[in-house]
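Those protein sequence lines, which keep their order, are chains U and L. Mapping of the first sequence onto UniProt numbering: position 25 corresponds to residue 25, and the numbering continues sequentially without gaps. Mapping of the second sequence onto UniProt numbering: position 96 corresponds to residue 96, and the numbering continues sequentially without gaps.
Everything labelled a hint here was simulated from the structure, so no lab data went into it. Being a predicted model, the structure only gives us computed values, none of them experimental. We put the CB at the ideal spot given by N, CA and C, even for glycine. One or more of the hints may lead you astray.
Part of the chain U face toward chain L, derived, beta carbon under 7 Å [unchecked claim]: (1) 9; (2) 25; (3) 26; (4) 29; (5) 36; (6) 80; (7) 82; (8) 83; (9) 88; (10) 92.
Once the Cα atoms are required to be at most 30 Å apart in a straight line, the calculated DSS-like pairs of lysine-lysine come out as [stated by the list, open to error]: (11) L:62 <-> L:37; (12) U:89 <-> U:62; (13) U:21 <-> L:89; (14) L:62 <-> L:89; (15) L:21 <-> L:89; (16) L:21 <-> U:37; (17) L:21 <-> L:71; (18) L:71 <-> L:37; (19) L:37 <-> L:21; (20) U:21 <-> L:62; (21) L:89 <-> U:89; (22) L:65 <-> U:21; (23) L:21 <-> U:65; (24) U:62 <-> U:21; (25) U:89 <-> U:21; (26) U:89 <-> L:37; (27) L:65 <-> L:21; (28) U:65 <-> U:37; (29) U:62 <-> U:37; (30) L:21 <-> L:62; (31) L:21 <-> U:71; (32) L:21 <-> U:62; (33) U:89 <-> U:37; (34) U:21 <-> U:37; (35) L:89 <-> L:71; (36) U:21 <-> U:71; (37) U:89 <-> U:65; (38) U:21 <-> L:37; (39) L:37 <-> L:65; (40) L:89 <-> L:37.
Spelled out from the first residue to the last, the chains are:
There are 2 protein chains.
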Amino acid sequence: MGITRSDIYTDEQNRIATVAKAIGHPARVAILQHIIKTRSCICGDLVDEIGLAQPTISQHLKELKNIGIIKGNIEGTSVCYCIDDTTWKEYRDLLGLFFESHNPSDEDCC
Amino acid sequence: MGITRSDIYTDEQNRIATVAKAIGHPARVAILQHIIKTRSCICGDLVDEIGLAQPTISQHLKELKNIGIIKGNIEGTSVCYCIDDTTWKEYRDLLGLFFESHNPSDEDCC
DNA sequence: TTTATTTATCGTAATATTACTATATATTAA
DNA sequence: TTAATATATAGTAATATTACGATAAATAAA
Chain U
1 MGITRSDIYT DEQNRIATVA KAIGHPARVA ILQHIIKTRS CICGDLVDEI GLAQPTISQH
61 LKELKNIGII KGNIEGTSVC YCIDDTTWKE YRDLLGLFFE SHNPSDEDCC
Chain L
1 MGITRSDIYT DEQNRIATVA KAIGHPARVA ILQHIIKTRS CICGDLVDEI GLAQPTISQH
61 LKELKNIGII KGNIEGTSVC YCIDDTTWKE YRDLLGLFFE SHNPSDEDCC
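Using the sequences provided together with the hints, build the complete structure.
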């Protein structure tokens, strides 16, 4: 019925899915890559760089903030966004371990 | 307007987002983990294991097949699903490089 | 052939997402 | 104070996703 039944999954499964889902939009990938490239940036930079409307960028920034992978500090009239290094490491390892849990060098089955 | 404007992003951004989006649901994470654990399984096993209706599992399997991360071989009346090792490696590296593109040991900015 | 088994597809309702315009909010500059 | 600048929020339309029941399709067993 359109609602994800997160109660029937393990915490790990929900966490992996939540992180992957947040990265699962090209605008958010582009935002993260631009922040990484420039070390930090403000919302307006991303609007110019990516070409979406300002409220749309703001909405994507909010989703990235919700999972804690970026943080924003108010600097005068603008907001400086950057990667939250602790969370970044946590998610890098979470997805890294997920992908390492299968060894692709094993023989194929079917 | 609800439609993702994939034309304004790089191929890499779209590919990262597509893979992440496919993994971005706990049922699909659970499916992948169960296939990994049992080396291969059939749709019915996943229905029992996860507890979603059979058409729902079938729908999630289809999405995973669409990005090529799993493959299914018909065996009599059932279908044997397993990981596609070549695609698995490709996506592992794609997301791995994405996460490695930021070095979290650098000094925080804001 | 008939029946059972297994999976896929169709149709659909509930919900979520994406993008926009308009506007509110908050700080800085004049 | 007023105007300018930057971001967030509200509201909304279009689209996508998720889950289900019903049913089709395809093979195996009786």
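Hints, one by one, checked against the model:
{"no.": "1", "hint": "9", "verdict": "holds, 4 Å"}
{"no.": "2", "hint": "25", "verdict": "holds, 5 Å"}
{"no.": "3", "hint": "26", "verdict": "holds, 4 Å"}
{"no.": "4", "hint": "29", "verdict": "holds, 4 Å"}
{"no.": "5", "hint": "36", "verdict": "holds, 5 Å"}
{"no.": "6", "hint": "80", "verdict": "holds, 4 Å"}
{"no.": "7", "hint": "82", "verdict": "holds, 4 Å"}
{"no.": "8", "hint": "83", "verdict": "holds, 6 Å"}
{"no.": "9", "hint": "88", "verdict": "holds, 5 Å"}
{"no.": "10", "hint": "92", "verdict": "holds, 4 Å"}
{"no.": "11", "hint": "L:62 <-> L:37", "verdict": "holds, 20 Å"}
{"no.": "12", "hint": "U:89 <-> U:62", "verdict": "holds, 20 Å"}
{"no.": "13", "hint": "U:21 <-> L:89", "verdict": "holds, 20 Å"}
{"no.": "14", "hint": "L:62 <-> L:89", "verdict": "holds, 20 Å"}
{"no.": "15", "hint": "L:21 <-> L:89", "verdict": "holds, 17 Å"}
{"no.": "16", "hint": "L:21 <-> U:37", "verdict": "holds, 23 Å"}
{"no.": "17", "hint": "L:21 <-> L:71", "verdict": "holds, 18 Å"}
{"no.": "18", "hint": "L:71 <-> L:37", "verdict": "holds, 16 Å"}
{"no.": "19", "hint": "L:37 <-> L:21", "verdict": "holds, 22 Å"}
{"no.": "20", "hint": "U:21 <-> L:62", "verdict": "holds, 18 Å"}
{"no.": "21", "hint": "L:89 <-> U:89", "verdict": "holds, 21 Å"}
{"no.": "22", "hint": "L:65 <-> U:21", "verdict": "holds, 18 Å"}
{"no.": "23", "hint": "L:21 <-> U:65", "verdict": "holds, 18 Å"}
{"no.": "24", "hint": "U:62 <-> U:21", "verdict": "holds, 14 Å"}
{"no.": "25", "hint": "U:89 <-> U:21", "verdict": "holds, 17 Å"}
{"no.": "26", "hint": "U:89 <-> L:37", "verdict": "holds, 26 Å"}
{"no.": "27", "hint": "L:65 <-> L:21", "verdict": "holds, 13 Å"}
{"no.": "28", "hint": "U:65 <-> U:37", "verdict": "holds, 18 Å"}
{"no.": "29", "hint": "U:62 <-> U:37", "verdict": "holds, 20 Å"}
{"no.": "30", "hint": "L:21 <-> L:62", "verdict": "holds, 14 Å"}
{"no.": "31", "hint": "L:21 <-> U:71", "verdict": "holds, 22 Å"}
{"no.": "32", "hint": "L:21 <-> U:62", "verdict": "holds, 18 Å"}
{"no.": "33", "hint": "U:89 <-> U:37", "verdict": "holds, 17 Å"}
{"no.": "34", "hint": "U:21 <-> U:37", "verdict": "holds, 22 Å"}
{"no.": "35", "hint": "L:89 <-> L:71", "verdict": "holds, 14 Å"}
{"no.": "36", "hint": "U:21 <-> U:71", "verdict": "holds, 18 Å"}
{"no.": "37", "hint": "U:89 <-> U:65", "verdict": "holds, 15 Å"}
{"no.": "38", "hint": "U:21 <-> L:37", "verdict": "holds, 23 Å"}
{"no.": "39", "hint": "L:37 <-> L:65", "verdict": "holds, 18 Å"}
{"no.": "40", "hint": "L:89 <-> L:37", "verdict": "holds, 17 Å"}
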